[in-house]
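Protein chains: 2
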Amino acid sequence: MVEAVCEVERSQAHSRIAELRTRIRSGEFQSHTSGIAEDFVQGNVVILPQKYAKDFAAFCERNPKPCPVLAMGDTGEPMLPSLGQDIDIRTDVPRYRVWRDGKLVSEPTDISALWRDDLVCFVIGCSFSFEWALARQGIVLRHVVEGKNVAMYRTNIPTEAAGAFSGPMVVSMRPLSVSDAARAVEITARYPRVHGAPVHVGDPTVLGISDLQKPDYGDAVVVKPDEVPVFWACGVTPQAAITQAKPDFCITHAPGAMLITDLLNAQLSN
Amino acid sequence: MVEAVCEVERSQAHSRIAELRTRIRSGEFQSHTSGIAEDFVQGNVVILPQKYAKDFAAFCERNPKPCPVLAMGDTGEPMLPSLGQDIDIRTDVPRYRVWRDGKLVSEPTDISALWRDDLVCFVIGCSFSFEWALARQGIVLRHVVEGKNVAMYRTNIPTEAAGAFSGPMVVSMRPLSVSDAARAVEITARYPRVHGAPVHVGDPTVLGISDLQKPDYGDAVVVKPDEVPVFWACGVTPQAAITQAKPDFCITHAPGAMLITDLLNAQLSN
Numbered sequence: 001m002v003e004a005v006c007e008v009e010r011s012q013a014h015s016r017i018a019e020l021r022t023r024i025r026s027g028e029f030q031s032h033t034s035g036i037a038e039d040f041v042q043g044n045v046v047i048l049p050q051k052y053a054k055d056f057a058a059f060c061e062r063n064p065k066p067c068p069v070l071a072m073g074d075t076g077e078p079m080l081p082s083l084g085q086d087i088d089i090r091t092d093v094p095r096y097r098v099w100r101d102g103k104l105v106s107e108p109t110d111i112s113a114l115w116r117d118d119l120v121c122f123v124i125g126c127s128f129s130f131e132w133a134l135a136r137q138g139i140v141l142r143h144v145v146e147g148k149n150v151a152m153y154r155t156n157i158p159t160e161a162a163g164a165f166s167g168p169m170v171v172s173m174r175p176l177s178v179s180d181a182a183r184a185v186e187i188t189a190r191y192p193r194v195h196g197a198p199v200h201v202g203d204p205t206v207l208g209i210s211d212l213q214k215p216d217y218g219d220a221v222v223v224k225p226d227e228v229p230v231f232w233a234c235g236v237t238p239q240a241a242i243t244q245a246k247p248d249f250c251i252t253h254a255p256g257a258m259l260i261t262d263l264l265n266a267q268l269s270n
Numbered sequence: 001m002v003e004a005v006c007e008v009e010r011s012q013a014h015s016r017i018a019e020l021r022t023r024i025r026s027g028e029f030q031s032h033t034s035g036i037a038e039d040f041v042q043g044n045v046v047i048l049p050q051k052y053a054k055d056f057a058a059f060c061e062r063n064p065k066p067c068p069v070l071a072m073g074d075t076g077e078p079m080l081p082s083l084g085q086d087i088d089i090r091t092d093v094p095r096y097r098v099w100r101d102g103k104l105v106s107e108p109t110d111i112s113a114l115w116r117d118d119l120v121c122f123v124i125g126c127s128f129s130f131e132w133a134l135a136r137q138g139i140v141l142r143h144v145v146e147g148k149n150v151a152m153y154r155t156n157i158p159t160e161a162a163g164a165f166s167g168p169m170v171v172s173m174r175p176l177s178v179s180d181a182a183r184a185v186e187i188t189a190r191y192p193r194v195h196g197a198p199v200h201v202g203d204p205t206v207l208g209i210s211d212l213q214k215p216d217y218g219d220a221v222v223v224k225p226d227e228v229p230v231f232w233a234c235g236v237t238p239q240a241a242i243t244q245a246k247p248d249f250c251i252t253h254a255p256g257a258m259l260i261t262d263l264l265n266a267q268l269s270n
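Protein sequences, first through last, are from chains A and H.
Using my numbering, the first residue of the first sequence is number 1, and each one after it goes up by one.
Using my numbering, the first residue of the second sequence is number 1, and each one after it goes up by one.
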């Protein structure tokens, strides 16, 4: 009986996600996806011409905290069957960023017209997955409550270079009470495929961040006097590497506007 | 005081491994490396021209149980600094296999003369790492006691294809008592980067293995009446994929003759 109820609930959740994906695909939903994908895995997206793909795969392998690879597409193939039945990377991200020679040139909601036979898609784990795990344990996240995108910062932590790809680690920050911060370390450590445990807790200047109220990506949130800022490695790190590597062509998601997959976050847990 | 003793022991262990590597490098040691590298990480090796590297990286990403990537070298670069200070992939494997068009053409102990500027080296986790974890928990492995290479078999489990790379999963087998088998599942599950928990326990015909006494690679061992065969995904799987993909050139390790790194197995544990 319980199983049958679970089965129905699961099927309803899949329907809701399919509906959300339809709204994204049509261009109706163009916003950040923090807190809206229930317990489904969300992913950062990097699409590169094949000639850069080997070096970028090595960059991810050497920087598993910011760049845990969830899927690597076939060359020229926009469908990602390992992430869901009908996921088309050309349409299923709410907002993209198009880069030429390392410069951001546009932020479309559909890249069908830009697709090429030599493009390779990487999907990288996202902290929105562990936000779900935190919420399930009763840890309330301010940016979710306030309907904001998470705050993200470039740090002074260097990534391990691979070919032309290098640059600073990008982190996401969530303010938490000290006791919630300790629990958050424990909970997120079980999710290495979505950034795992925090890279830093406390003083932002240690990471070279001078003003928490001025994030490099996403929205600022207040850190209250009885809270500490908690920093996790972030899947926007490849975008910093792209500004260094200057590939002649590249497409990413817009920070916070993620690919929503059919996988369940629980499937990524240790 | 205890720390000082540990420090000395650690340094001595590193010296012993450096000495072993010198013997491998000179061509004096050409055998399998099961049970001889203490608690240092060993790795399977696949070296491919750059044109195949992206597809092979995708093959590994899609088949993390047999092909967990520990390191991916820079193109044309034989040194692997993330695995150890002085590791040169051209000389530091006891025995190599050279493949042309998917056919095994030679088994040299040094590939310096074959090195090219377009070669990319992949090092893949190896079950010899979790053998160390099993030994530490008092689980005795017959092939180690008998000084044999582990028994390996091609199965009927298909891998997830990427580009031209496909083919059957290769497994390694260790006979254990039922109670040790249960503990071995628990222990190896903590090491996903070296194949993790077994893929099967018991009846080998389920995997399409008709005769345990005729392994496809390595040495046969007796399975006693009160034991069950326990099967783990094996890093020789890429060699089966290479016979399918038929890259014009490829170098691997010879099954069981692994690259010994400076990393500690404990570093790979969850």
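Note that these hints are calculated values from the structure, not bench results.
Every residue, glycine too, gets a C-beta built ideally from N, C-alpha and C.
One should not assume that every hint holds.
Unchecked claim - Here's a subset of chain A near chain H, in silico, CB distances under 10 Å, partners left out: (1) Q50; (2) D55; (3) A58; (4) A71; (5) M72; (6) G73; (7) D74; (8) P78; (9) I157; (10) P158.
Each hint, compared with the structure:
Because the beta carbon of Q50(A) sits about 6 Å from the nearest beta carbon in chain H, less than 10 Å, this interface hint is met. For D55(A), the shortest C-beta to C-beta distance to chain H is roughly 8 Å, which falls under 10 Å, so the interface hint holds. Checking A58(A) against chain H by beta carbon gives a least distance of about 4 Å; that is within 10 Å, so the hint holds. Given hint, A71(A) at the interface with chain H, holds; its Cβ is 7 Å from that chain's nearest Cβ, closer than 10 Å.
Interface hint status for M72(A): upheld, as the beta-carbon distance to the closest one in chain H is roughly 4 Å, under 10 Å. With a least beta-carbon distance of about 8 Å to chain H, the hint placing G73(A) at the interface is held under the 10 Å criterion. Of the supplied interface hints, the one on D74(A) holds, with its beta-carbon coming within about 7 Å of a beta-carbon of chain H, less than 10 Å. For the restraint placing P78(A) at the interface with chain H, the shortest Cβ-Cβ distance is roughly 15 Å, beyond the 10 Å limit, so the hint is violated.
Hint status for I157(A) relative to chain H: violated, with the closest Cβ pair at about 17 Å, above 10 Å. The beta carbon of P158(A) is not positioned within 10 Å of any beta carbon in chain H (closest approach about 15 Å), and the interface hint is therefore violated.
The structure fails to meet hints 8, 9 and 10 from the earlier list, while all remaining hints are met.
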